[in-house]
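Protein chains in written order, with this note's numbering: chain U, 1 to 148; chain B, 1 to 148; chain Y, 1 to 148.
Where hints are given, some of them may not hold.
[As the list claims (entries may be wrong)] In the DSS-like style, the derived pairs of lysine-lysine whose C-alpha atoms are separated by at most 30 Å in a straight line are: (1) K116(U) to K129(Y); (2) K129(B) to K84(Y); (3) K116(B) to K129(Y); (4) K104(B) to K84(Y); (5) K104(U) to K104(B); (6) K116(Y) to K129(Y); (7) K116(U) to K104(Y); (8) K129(U) to K84(B); (9) K84(B) to K84(Y); (10) K129(B) to K116(B); (11) K116(B) to K116(U); (12) K84(U) to K116(Y); (13) K84(U) to K104(Y); (14) K84(U) to K129(U); (15) K104(U) to K84(U); (16) K116(B) to K84(Y).
These are computed hints drawn from the structure, not numbers from a lab.
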Amino acid sequence: MEAVLQRLQWLEDRIALQDLIIEYCAQIDRSNVEGVLGCFVEDGVLDLTGLGLPRLQGRTEIRDFFSSVFATMAYNGHYSSNFKLDALNGDRASAHAYVHAVGKSTEGGDVLVYAKHEFDAVRTEDGWKIAEFREPFLVPSGEEIPEF
Amino acid sequence: MEAVLQRLQWLEDRIALQDLIIEYCAQIDRSNVEGVLGCFVEDGVLDLTGLGLPRLQGRTEIRDFFSSVFATMAYNGHYSSNFKLDALNGDRASAHAYVHAVGKSTEGGDVLVYAKHEFDAVRTEDGWKIAEFREPFLVPSGEEIPEF
Amino acid sequence: MEAVLQRLQWLEDRIALQDLIIEYCAQIDRSNVEGVLGCFVEDGVLDLTGLGLPRLQGRTEIRDFFSSVFATMAYNGHYSSNFKLDALNGDRASAHAYVHAVGKSTEGGDVLVYAKHEFDAVRTEDGWKIAEFREPFLVPSGEEIPEF
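Bound-form chain U, shown alone (with noise of 0.2 Å):
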């Protein structure tokens, strides 16, 4: 029983951690910025340095960093795919995704990334969290993405 208790512990930490790089998404699609820190360790790390964007750590600077954001994007849309589970070890993971972001600014401009979402989480009592989130290219789209 022991067994099949960790296989099933697995298969939900597995949903969980996929969940969550969905719900990033979501919140930043709905422009929530507190919806977007709930996602994150108090302390967590933002690091966009792949897509020529800056390094942000801790709740203000996240905050101060998607309150621009949101004030120079009118849609956005994350569509995330390719979820891998790359390491599970207790109450610390490391995963990513691929992400085909959308969005029109309210200047109407189009935007356009194709790139990675790859992060280490950590399971605290309000479920798993990011502690670390990195954003490297995946194909260079060509179209400039706003300065925030």
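Assemble chains B and Y onto chain U, guided by the hints.
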């Protein structure tokens, strides 16, 4: 053991509900009207008002609508991602996904839609079926959806 | 308990088969020829006739093909979604997914393909491997696929 069976059932139901939305996409993409209808309960609702299209109730209305769509569209591809199980209580469930829909009309025009698939489902003797389906825009694409 | 173990095995196999197709995409997107080969059994078939490309059998033919692809393409992104397990019987399975492939050739040209990934797989000592892989178009994109 009762708890183990419940956890297994939850995992299987989650996958079945994700399969249901993917089956709906697959049947549209095969231009199979009866296959689309098979995803719905008898008096199911397909509410496309979020796209500026009609709200359809029951097999006759849904059949007529897709017969018209398949006469107009030469190819459809409904890429479904970001599945999220929103609620699961016994024989009722609510879930949603993102859809990136590409298509080509018989006249050669391209269709591109960034939307959400939101649905309520019920467990039947033939598995989970859609009771009500809604499709709001995620990112307006600026392209026209043909009138069907 | 026997029934519980069978249900667990089904869930794990389903995830492993989905992981296999995502791994195939990931290895292409890393331009890793040996990684792509590792997804196939020794005499595996890669049938690309659906795209107007060759049918390849065995590691030598598949290696030569991808060596040519990776010399021509600067970037590849194979977005895999709509996974469906079509059949699972013991050590044999069939499944398919949709692929939205974007890429950039070394000459700067863009590649865009809307297709399906259909595959038969077998369970080996090293996990599930592709025995035969087919890639029919889902929506013809009207763009040329480079000759490799």
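So, going through the hints one by one against the coordinates:
For a cut-off of 30 Å, the pair hint linking K116(U) to K129(Y) stands: about 25 Å separates their Cα positions. This hinted pair checks out: K129(B) and K84(Y) have alpha carbons roughly 17 Å apart, not beyond 30 Å. Between K116(B) and K129(Y), the direct Cα distance comes to roughly 34 Å. Violation of the 30 Å bound is thereby established for this hinted pair. With a C-alpha separation of about 24 Å, the suggested pair K104(B) and K84(Y) falls inside the 30 Å cut-off, and the hint holds.
Restraint check for K104(U) and K104(B): the C-alpha separation of about 23 Å stays at or below 30 Å, so the hint holds. The straight-line distance between the Cα atoms of K116(Y) and K129(Y) is roughly 18 Å, inside the 30 Å bound, and the hint therefore holds. Using a Cα cut-off of 30 Å, the hinted pair K116(U) and K104(Y) holds, with the two alpha carbons roughly 16 Å apart. Annotation: proposed proximity of K129(U) to K84(B) holds, straight-line Cα distance about 17 Å (limit 30 Å).
At most 30 Å may separate the alpha-carbon atoms for a hinted pair to count; K84(B) and K84(Y) meet this at roughly 17 Å. Of the supplied pair hints, the one linking K129(B) and K116(B) holds, its CA atoms being roughly 18 Å apart against a limit of 30 Å. For the proposed pair K116(B) and K116(U), the alpha carbon gap of about 21 Å is at most 30 Å, so the pair holds. Note on K84(U) and K116(Y): the hinted pairing holds, with a Cα-Cα distance of about 20 Å set against a maximum of 30 Å.
For a cut-off of 30 Å, the pair hint linking K84(U) to K104(Y) stands: about 24 Å separates their Cα positions. Between K84(U) and K129(U) the CA atoms are separated by roughly 17 Å; this keeps the pair inside 30 Å, and the hint holds. Among the hinted pairs, K104(U) with K84(U) is consistent with the structure: their alpha-carbon atoms are about 28 Å apart, no more than 30 Å. Simply put, K116(B) and K84(Y) have alpha-carbon atoms about 20 Å apart, close enough for the 30 Å limit, and the pair holds.
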